[in-house]
Amino acid sequence: MSMKGGGFERSSKASEEIPSSSLADIAFLLLIFFMVTTVFPSDQERPIDWVEAESSKKIDEKTKNILNIWVQENGTIFINDQSYAIDEVSQVIAPLYRDSDRALVISIRGDRDVPYRTMDQVQKELVAAGVVRVVFAAQLEQQMQRARR
Amino acid sequence: MAVLKKKSRPSGEVPMSSTADIAFLLLIFFLVTTVFPKDKGLAIVLPEESSEVEVSQNNILHLIVQPTGIVDVKRGESQQVQQMRPEEVEGLWRQEITGNPNLIAAVKTHPDASYEYMVDVLDALHAANAERISLQVLEN
Numbered sequence: 683m684s685m686k687g688g689g690f691e692r693s694s695k696a697s698e699e700i701p702s703s704s705l706a707d708i709a710f711l712l713l714i715f716f717m718v719t720t721v722f723p724s725d726q727e728r729p730i731d732w733v734e735a736e737s738s739k740k741i742d743e744k745t746k747n748i749l750n751i752w753v754q755e756n757g758t759i760f761i762n763d764q765s766y767a768i769d770e771v772s773q774v775i776a777p778l779y780r781d782s783d784r785a786l787v788i789s790i791r792g793d794r795d796v797p798y799r800t801m802d803q804v805q806k807e808l809v810a811a812g813v814v815r816v817v818f819a820a821q822l823e824q825q826m827q828r829a830r831r
Numbered sequence: 435m436a437v438l439k440k441k442s443r444p445s446g447e448v449p450m451s452s453t454a455d456i457a458f459l460l461l462i463f464f465l466v467t468t469v470f471p472k473d474k475g476l477a478i479v480l481p482e483e484s485s486e487v488e489v490s491q492n493n494i495l496h497l498i499v500q501p502t503g504i505v506d507v508k509r510g511e512s513q514q515v516q517q518m519r520p521e522e523v524e525g526l527w528r529q530e531i532t533g534n535p536n537l538i539a540a541v542k543t544h545p546d547a548s549y550e551y552m553v554d555v556l557d558a559l560h561a562a563n564a565e566r567i568s569l570q571v572l573e574n
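The listed protein sequences correspond, in order, to chains A and B.
The opening residue of the first sequence carries number 683 in the working numbering; numbering runs sequentially from there.
The opening residue of the second sequence carries number 435 in the working numbering; numbering runs sequentially from there.
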């Protein structure tokens with residue numbers, strides 16, 4: 683009794699190709715993983731009562747070039763999630779403005795009940811920092827709302 | 435000779451092999467069409483430090499925002515005061531600018547007035563396409 687291969691035969695016939703049917707599943711898995719783990723760099727929303735303006739327009743600048751200054755009702759100022767005293771603002775903004783090649787747009791997000799004294803000080807600080815382009819962030823006021831007032 | 439054989443035997447299942455393609459197609463469609471909401475606001479240009487320009491009083495329209503939200507309007511040096519609501523500034527500006535194209539709106543807000551009232555006036559000026567606006571705090 684002589685057999686080829688000494689009596690051993692290949693018991694399984696493995697296919698030579700890598701199975702590609704699950705490729706889409708892997709792609710989706712990766713996609714969902716990255717979607718879930720991605721965090722957009724933006725500062726935390728502060729609780730403010732927005733001012734409303736009918737003629738407010740979209741800020742014509744890239745999101746990375748917009749810096750938000752939050753002014754809360756009690757006068758506390760937040761820049762990039764940090765609280766600053768009002769006279770520190772120009773020192774904080776000036777280097778950021780220089781690093782952005784003077785392209786930075788400052789978006790002032792003030793509470794509607796902030797006394798104008800504070801907003802004026804903020805503006806003076808921005809002038810001291812050399813900032814030129816400033817936006818008073820406001821929600822779009824609907825025509826209907828205005829008529830009701 | 436009447437032998438009629440079914441030529442093809444359709445499978446009982448919906449073909450599943452292209453679902454991934456459909457999913458990707460939808461995904462790419464939504465990726466392309468998604469627009470992130472942009473911030474909105476009233477844009478102004480701040481003056482540069484120590485650049486004061488002398489302006490003739492005749493070209494200034496003083497808009498004094500009181501803590502009550504009422505706007506006192508004064509033209510140049512005249513002492514005559516006209517009171518109005520912030521929304522009415524739009525019409526006023528349109529009227530005034532036709533008479534004097536070099537007019538500058540000087541918005542002087544009382545330090546105790548709410549920021550909201552200043553924005554209302556600024557909004558009215560923007561709505562009337564005013565370009566020369568100066569924001570100041572009211573000093574006494």
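Honestly, the hints are just simulated from the structure, not real lab data.
Mixed in with the good hints there might be a few duds.
[To be verified] Sample of chain A residues with no beta-carbon within 10 Å of chain B, all distances over it, derived: (1) Phe690; (2) Lys695; (3) Gln764; (4) Ala819.
[As the list claims (entries may be wrong)] Subject to a maximum C-alpha distance of 30 Å in a straight line, what follows is the list of computed DSSO-like cross-link-like pairs (lysine-lysine): (5) A:Lys740 - B:Lys472; (6) A:Lys740 - B:Lys474; (7) A:Lys746 - B:Lys474; (8) A:Lys806 - B:Lys472; (9) A:Lys695 - A:Lys744; (10) B:Lys508 - A:Lys744; (11) B:Lys474 - A:Lys695; (12) B:Lys508 - A:Lys695; (13) B:Lys508 - A:Lys746; (14) A:Lys695 - A:Lys739; (15) A:Lys740 - A:Lys806; (16) B:Lys474 - A:Lys806; (17) A:Lys695 - B:Lys472; (18) B:Lys508 - A:Lys739; (19) A:Lys744 - B:Lys472; (20) A:Lys695 - A:Lys746.
[Unchecked claim] So the derived list for chain B, only partly shown, Cβ under 7 Å to chain A, looks like this: (21) Glu447; (22) Met450; (23) Ser452; (24) Ile456; (25) Leu480.
The model shown is predicted, which means the values in this text are computed figures rather than measured ones.
Every residue gets a Cβ at the ideal spot worked out from N, C-alpha and C, and that includes glycine.
Quick rundown of the hints versus the structure:
Non-interface call for Phe690 (chain A) relative to chain B: holds, since the shortest CB-CB distance, roughly 38 Å, exceeds 10 Å. No Cβ of chain B approaches the Cβ of Lys695 (chain A) within 10 Å, the least distance being about 24 Å, so the stated non-interface status holds. For Gln764 (chain A), the non-interface assignment is confirmed: its Cβ lies about 20 Å from the closest Cβ of chain B, beyond the 10 Å cut-off. Distance check for Ala819 (chain A) against chain B: the nearest CB is about 4 Å away, which does not clear 10 Å, and the non-interface claim fails.
In summary, the hint linking Lys740 (chain A) to Lys472 (chain B) is supported, as the alpha carbons are separated by about 6 Å, within the 30 Å threshold. For the proposed pair Lys740 (chain A) and Lys474 (chain B), the alpha carbon gap of about 4 Å is at most 30 Å, so the pair holds. About 15 Å separates the Cα atoms of Lys746 (chain A) and Lys474 (chain B), which keeps this hinted pair within 30 Å; it holds. For the given pair, Lys806 (chain A) sits about 26 Å from Lys472 (chain B) by alpha-carbon distance, which is consistent with the 30 Å threshold.
Only pairs whose Cα atoms come within 30 Å are accepted, and Lys695 (chain A) paired with Lys744 (chain A) is rejected, the gap being roughly 58 Å. A C-alpha spacing of about 40 Å is found between Lys508 (chain B) and Lys744 (chain A), which places the hinted pair above 30 Å, so the restraint is violated. For a cut-off of 30 Å, the pair hint linking Lys474 (chain B) to Lys695 (chain A) is broken: about 65 Å separates their Cα positions. For the hint linking Lys508 (chain B) to Lys695 (chain A), the alpha-carbon distance of about 96 Å lies beyond 30 Å, and the restraint is violated.
Proposed proximity of Lys508 (chain B) and Lys746 (chain A) is contradicted: the alpha carbons are some 41 Å apart, above 30 Å. With a C-alpha separation of about 68 Å, the suggested pairing of Lys695 (chain A) with Lys739 (chain A) is violated against the 30 Å cut-off. Taken as a hint, the Lys740 (chain A) and Lys806 (chain A) pair is honoured in the structure, with Cα atoms around 24 Å apart against an allowance of 30 Å. Note on Lys474 (chain B) and Lys806 (chain A): the hinted pairing holds, with a Cα-Cα distance of about 22 Å set against a maximum of 30 Å.
Restraint check for Lys695 (chain A) and Lys472 (chain B): the C-alpha separation of about 59 Å exceeds 30 Å, so the hint is violated. Pair hint Lys508 (chain B) plus Lys739 (chain A) holds up; C-alpha atoms about 29 Å apart against a cutoff of 30 Å. Pair hint Lys744 (chain A) plus Lys472 (chain B) holds up; C-alpha atoms about 9 Å apart against a cutoff of 30 Å. For the hint pairing Lys695 (chain A) with Lys746 (chain A), the CA-to-CA distance comes to about 57 Å; that exceeds 30 Å, so the pair is violated.
The restraint placing Glu447 (chain B) at the interface with chain A is violated, with a minimum CB-CB distance near 15 Å, outside the 7 Å limit. At a threshold of 7 Å, the smallest CB-CB gap from Met450 (chain B) to chain A is about 10 Å, leaving the interface hint violated. With 7 Å as the threshold, the beta carbon of Ser452 (chain B) stays out of range of chain A, its nearest partner Cβ sitting at about 10 Å, so the hint is violated. For the restraint placing Ile456 (chain B) at the interface with chain A, the shortest Cβ-Cβ distance is roughly 11 Å, beyond the 7 Å limit, so the hint is violated.
This hint holds: Leu480 (chain B) has a C-beta 5 Å from the nearest C-beta of chain A, less than the 7 Å allowed.
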